[in-house]
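Note that the protein sequences, when read in sequence, are chains Z and H.
Position 292 of the first sequence, counted from 1, bears residue number 292 in the working numbering, the numbering being contiguous throughout.
Just remember that the working numbering sits 1000 ahead of the position in the second sequence, which is counted from 1.
Possibly wrong hints are sitting among the right ones.
Rough simulated footprint, nothing fancy, chain H against chain Z, three-plus residues with beta-carbon under 8 Å [said to hold, decoys possible]: (1) 177-189; (2) 269-279; (3) 326-334; (4) 374-383.
Just so you know, the hints here were simulated from the structure itself, not pulled from any lab data.
The beta carbon of each residue, even a glycine, is placed where N, CA and C say it ideally should be.
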Amino acid sequence: MLRPFVFSTVVLFLLAFSTACEDPSNVGIDLVGDQGGDPVVVNVPPSVFEIEPISDITGTTTQILRTLSGRVEDPLLGTIVATGNIDFREPAGITDVFRNGAITEATLQLVVDYAYGDTSRVLTLALRDIPDEWDAAGSTADTVIQAAPEVVTEFNVAPTDSLVGIALPGAWIDAHSSELRSENFNDDFHGFQFEPVEGNAVVGFSAVGAQLIVVSGGETATYTIAKSLSTLARTDVPDLGPDLLALQDGVGTSIDVSFDFLADSIRDAAVSRAVFLFPTDSLTLAAQTPPGFVRPRLGDLSLVGITEAGPALELIRASADADGRYRFEASGLRNIVQSMVLGKSTFDRFRLTVPTDDNTINAALFYRSGSDPQRPEAVLTLTPPDN
Amino acid sequence: MNHSNTGTFFRPSNPPTRPSRSFRLAGRRGLLIFGCLLFFASTAQGQRSNDGSIYSRFGLGELRTFPSSQLQAMGGGGYGFPSYNALNLNNPASWGAQILTRVTGGMLYQTVEATDASNQTSRLASGFFNGLHISFPLLKQKLGMGLGFVPYSRVSYRVQTNGFLNAEPAVLDTTSYVISYQGNGGLQQIVGGLGWQAGSHVAVGLSGRFIFGILEDTRRTEFLNPFFEDAVITNATRLSGFTGSLGILVRLPKAFSTNDALNLGATVTLPMTLTGKRVRTLGPGAAPDTLGNDISGKADLPFSLGVGAAYQPGTRWTFVVDAQYENWSSFESDFSFPGYAPDGSRSFQDRLRLSGGIEFLPAGHDLLASYLKRTALRLGFYYDRSYASPRPDVTIGTYALTGGFSFPTLHPGTRIDINFELGARGTTDFGLVRERFLRIGASINFGELWFAKRKLG
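Please model the complete structure; the sequences and the hints are all you need to start from.
Dropping the structure here:
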């Protein structure tokens, strides 16, 4: 009695499911008409690509990487004067023997891990005391640190050296004997300043290797670096012409970048991909580099989003590729560009800056205009909202 | 099924008797299988809701008809059919003669195979809700109320094309992509009204229809390279409006013989104005961005006239023929729709739907007959000249055969209906496509005597 019901329903549904293979195709595409949807690649040149003076943060008390000092006349980028300031902290475990003994020897040991400029000449630096407490954390390259007028000593650094030992004179030891042996060393002693005297280079001293080694009562104490600040000034900046922009670490430059994403050809489009490309001119850099002159290339760059009110947010970092081109791409950047295309972004421009976690004066020359691929641009893959 | 064929407008056909053991067993198994069918249909619905006809892209979508599962299998008309075993949504005049409270619900599963002029084919399948009807008598065989929640139109299509993009020539960065044009949604209608049995030969009815819903057209560009974000742009038009229908049903007993009955009916649905907004959004996420400003507008839908006749030579046979006309050439809207432009450069065509059907119930009113004899067989056809077309010079017609079985259950007033619909639509000429479709529907129709006064003594 139930058979007809079961049979008929099963047959019908088997028939239906046997023909139910999902196989969408372009059959019927002509009925849709010209509705668009094809993505296009749009190369958008920046409407703004200008140097923005932003003083670099070169002072730290944590993760101290390098202290710069020297003077270099770069034929392409101008004259840079770097003054290094370092302070030390007392090591743990200093004995009474050390504190009550007589200091017989004090040596400042520095490790050179960076050089910019003429590496064929010796660099002479003057060592001075810093008499007063100074701040390093967050301090910028234009900070002024007042050193004592008397030079403790002058010492030479060959940029190709790796280790520099400076024997501090007996007069300095006598003058600072009580500070060096004091339990309040960290508060009483304020460190040294290195100021260029002669030479054509800027060198960097590694924080890891910077030590003040003191021998007292027959025992040796090694004071390690507590804080560092490099102050920098650039003068005599040559004119690079309208087609190039120099971005140099430490000297207070960054590049503001803005694109007109609200142009009629872009506005309201779906952004499937956003790539920012900033090519650099390595040929000009190489051509204007004298023999023996070392000019390290800029490393990582940060792309920062700038709001109308001013606050900035680092979005992404990139390093130069083999062609010297900085290429920024990330889903977060695409999302921001999409918001800009819709006129809904909290950011109204971008900024190219050098990350502050490594003290250098590395440089790169950026193309401002020109033909592809020698121009900065945003390469957007768009799907226009209409046909 | 069990319809009256003599002097009174309605003869109760299902006297409550205790079902036999085999009857109860069959009913239980029937409900079990019905549950399985609903599961299959809901599974199908879970595949994709936009795998239907490309022609549903045009106008306000493909207009749907679900007067009842019984009439669906008989061509989908029934303007002149005094249906007592289910709510006939096409004519509110038939609602007055009810005795049982009824609840009907069903699902529909369809496969569509489209072929173009180059003989390429695509196959798509989907399942969806077919409708829910509730009806109950207010005054026995005099005044009845009907409620329904059924689709008015359905937008359901998916077609795609492929492309290749040279995204960043400098680094030889390329990607393939697929553009899918998809339609989804449709208009639903909530119907409510009263039917009044004005006399032994005439019944009238009035119903209100609240129509609402969202028509969505989505363009999705999907990249095969994961570095590219898919682009999804959706136009969503939200519409709603209210209209009313007036129906009349005239019964002519002994029209050609002593045991037959001829029923004539007509329903007029008034023109209505749908108002709403169109929103364009961008983004594949759950919270897409709105592009531009919302556009407010209206759409004036035309009146509809349906006429039909039902002839019952006895208790075993029923014949219906119907015609429905909708004046879509008068349609006006602030919104553009595929196949229609507000500036008058494109307009719709008048819709005409012709249908007919037969029902054969071998047992007639004999409830003690075998299960097979109490199973109703239905067959029908329809032709639907669509109101919307991709080309102004081409009319899109749909031809379909319908049919089904109505299985009794252990409950005398309850039946399970399995329907099918096999049809073809369109042409491969003029760059169009010809579609063949198969629809399988499963409905359950509960009927029970409620609100009855018990007589003591």
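Tell me, which hint numbers fail for this structure? 1
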